[in-house]
Amino acid sequence: MRLIVLFALLVALSDPLLAADKLRLNEATKEQLLALGLSDSQVVQILNYRQQNGNFLQVEELLAVPQMSRATFDKVRDKVTVDE
Amino acid sequence: MTAQRCAFVTAVALMLAPQLVNAADNVTLADVKTEWQNLYGAIVYAASGTIKNGGTAPVRAVKVRIELFDKDGKPVAQREGYNLSAEMLEEAPGDIEKVKPIPPGGTDSLRLWIDKSDIPRPFRTSKVTVVEVR
Numbered sequence: 001m002r003l004i005v006l007f008a009l010l011v012a013l014s015d016p017l018l019a020a021d022k023l024r025l026n027e028a029t030k031e032q033l034l035a036l037g038l039s040d041s042q043v044v045q046i047l048n049y050r051q052q053n054g055n056f057l058q059v060e061e062l063l064a065v066p067q068m069s070r071a072t073f074d075k076v077r078d079k080v081t082v083d084e
Numbered sequence: 001m002t003a004q005r006c007a008f009v010t011a012v013a014l015m016l017a018p019q020l021v022n023a024a025d026n027v028t029l030a031d032v033k034t035e036w037q038n039l040y041g042a043i044v045y046a047a048s049g050t051i052k053n054g055g056t057a058p059v060r061a062v063k064v065r066i067e068l069f070d071k072d073g074k075p076v077a078q079r080e081g082y083n084l085s086a087e088m089l090e091e092a093p094g095d096i097e098k099v100k101p102i103p104p105g106g107t108d109s110l111r112l113w114i115d116k117s118d119i120p121r122p123f124r125t126s127k128v129t130v131v132e133v134r
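Chains as they are written, first to last, in this note's numbering: chain A, 1 to 84; chain B, 1 to 134.
Keep in mind the hints are simulated off the structure, nothing from the lab.
Straight-line alpha carbon distances no greater than 27 Å define the calculated BS3-like cross-link-like pairs of lysine-lysine that follow:
(1) K74(B) with K79(A)
(2) K22(A) with K79(A)
(3) K33(B) with K116(B)
(4) K74(B) with K127(B)
(5) K74(B) with K22(A)
(6) K30(A) with K116(B)
(7) K116(B) with K22(A)
(8) K127(B) with K71(B)
(9) K127(B) with K116(B)
(10) K33(B) with K75(A)
(11) K75(A) with K22(A)
(12) K75(A) with K116(B)
(13) K127(B) with K79(A)
(14) K79(A) with K71(B)
(15) K127(B) with K63(B)
(16) K75(A) with K71(B)
(17) K33(B) with K79(A)
(18) K71(B) with K22(A)
(19) K116(B) with K79(A)
Residues of chain B clear of chain A, computed beta-carbon distances all greater than 10 Å:
(20) G54
(21) A57
(22) A92
(23) P104
The C-beta atom is built at its ideal place from N, Cα and C for all residues, glycine as well.
Please build the complete structure, drawing on both the sequences and the hints.
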């Protein structure tokens, strides 16, 4: 039983999406963004936006990214953060 | 300036001062919404809403300020602007007589934004306030 709990803890801590830490939007890679459940084209748009306009200043700035719907934003908003 | 003229100017100033304060008190913001907007590639943090003149006298220009704060409450950026009818005052501050007044009980729109390039670092909250009424 103790081993199972320990294993579960290790898995949780090793996966940034399950751990308490949120994914840093300004450092996130394509793979990490895809892991949030975003589509290929949405991830490309986010990366292009970041390259053209600099770091995100708020998580809500994701809504200024082309093709980012409110529904998609609501799905990921609690899983990401920006550097402060 | 003679003593008589000085007294007159002081009296007028004293009569006007409370009216200015009251005008500012009676003008309120409603339905204020802030959001990021992508205006054909220009990224802005925008505030919109309604300005209500709850006073008994018409007002022409309502100066509004948007302020952004970081997670510690420290100011990050700010910008000031006018109600929609008075936006021309940003270019021509002396043309207040050309501005259509907001009548008592009337409203005007507010739209104010800060370019992303004018925001130096991440912020968490924003505040929109009336700073001057004319």
